[in-house]
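These protein sequences, in sequence, are chains A and B.
Numbering-wise, my numbering puts 165 at position 165 of the first sequence, and it's gapless, one number per residue.
Numbering-wise, my numbering puts 86 at position 86 of the second sequence, and it's gapless, one number per residue.
Wrong hints could be hidden among the right ones.
Simulated coverage check for chain A against chain B, where a stretch passes if three residues somewhere in it have a Cβ under 8 Å from a Cβ of chain B [said to hold, decoys possible]:
| id | segment |
| --- | --- |
| 1 | 86 to 95 |
| 2 | 118 to 129 |
| 3 | 133 to 139 |
| 4 | 142 to 154 |
It is worth saying that the hints were derived from the structure and are not from the lab.
All C-beta atoms in this analysis are idealised placements derived from N, C-alpha and C, irrespective of residue type, glycine included.
Below, each chain spelled out in residue letters.
Protein chains: 2
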Amino acid sequence: MSLSIFEASIPVFLRAFDNFSAILEKGETFAQVKGIDPATLVEARLAPDMLSLAGQVQRASDTAKFCAARLTATQGPSFEDNEASFAELHARIAKTVAYLKGLDAASFDGAEIRQIVLKRRQGEVTLDGRGYLFTFALPNFFFHVTTGYDILRHKGVPVGKSDFLGPL
Amino acid sequence: MSLSIFEASIPVFLRAFDNFSAILEKGETFAQVKGIDPATLVEARLAPDMLSLAGQVQRASDTAKFCAARLTATQGPSFEDNEASFAELHARIAKTVAYLKGLDAASFDGAEIRQIVLKRRQGEVTLDGRGYLFTFALPNFFFHVTTGYDILRHKGVPVGKSDFLGPL
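Extracted from the complex, chain A is given alone in its bound form (with noise of 0.2 Å):
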């Protein structure tokens, strides 16, 4: 018994934008119910030098896409970063899970060695493609999920930890 690199990304991601989506949702519905403009939580930080709500989302799906095309060694879709009202941010997900459910779990095959190279600040980093999962593309993509969350609780919208994780 093992686990396949395929299982262990893309419905990872799947999940946690459905679950994502729900709460942006819950966002929207906040700003309307206390007569807040939407816009002012999908601008919302939690630092000044921070993402906004706006670019956690982006942030989120940049990561599982890349680790898609990464780990199949396709190219995916390009996306403008250009989002900047709820209906905006649901498509940006609704786009990004398009890409993924298109994907075939079979080209993933042999995707735990195969060599990715990320361009970072301090230059080029070679990983094979477990630990490119591991250490950077489930962390980050779930650091974005979270504080994309922890953006709109921090800002008052009445979610819980069941809305993140989902039904079990």
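Go by the hints and put chain B onto chain A.
Structure of chain B alone, referenced to chain A:
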């Protein structure tokens, strides 16, 4: 080629705890430099009804500990949740890391299909080991580590993504 459920869990936790410890150190240094009582950071939270930094460390510790215990069908150590200083948070992480490092990779053999029963508010939920790891343990673990980071970042501690991801 495939992945083992051991490598998808224990080394991932250990790496994140290393990074979390370094982030906590930066928080403590920040308090010293700014003349802030460190306890205000240990007790800081992003919303009044959300867990404090201490709570995030405790839940990250428990999530990793229970994951290891459930996947190996053994009993993990019991911790009191009484940490109130940076030194105690470091000790909590150290105890958790020592437990995780003492586990033999072979004891995870077959854990992918082990039936795991979670007690949730809505009742008991049964998952197999792979489902438990990917839908509950890993997301929940990264939720608490990220939220701990977010609390300190929100309070002005100079940490960045490279601290969260650690050296690649």
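Right, here's what the structure says about each hint:
no. : hint       : result
1   : 86 to 95   : violated (count 0)
2   : 118 to 129 : holds (count 5)
3   : 133 to 139 : holds (count 5)
4   : 142 to 154 : holds (count 8)
Hint 1 from the earlier list is the only one contradicted by this structure; the remaining hints agree with it.
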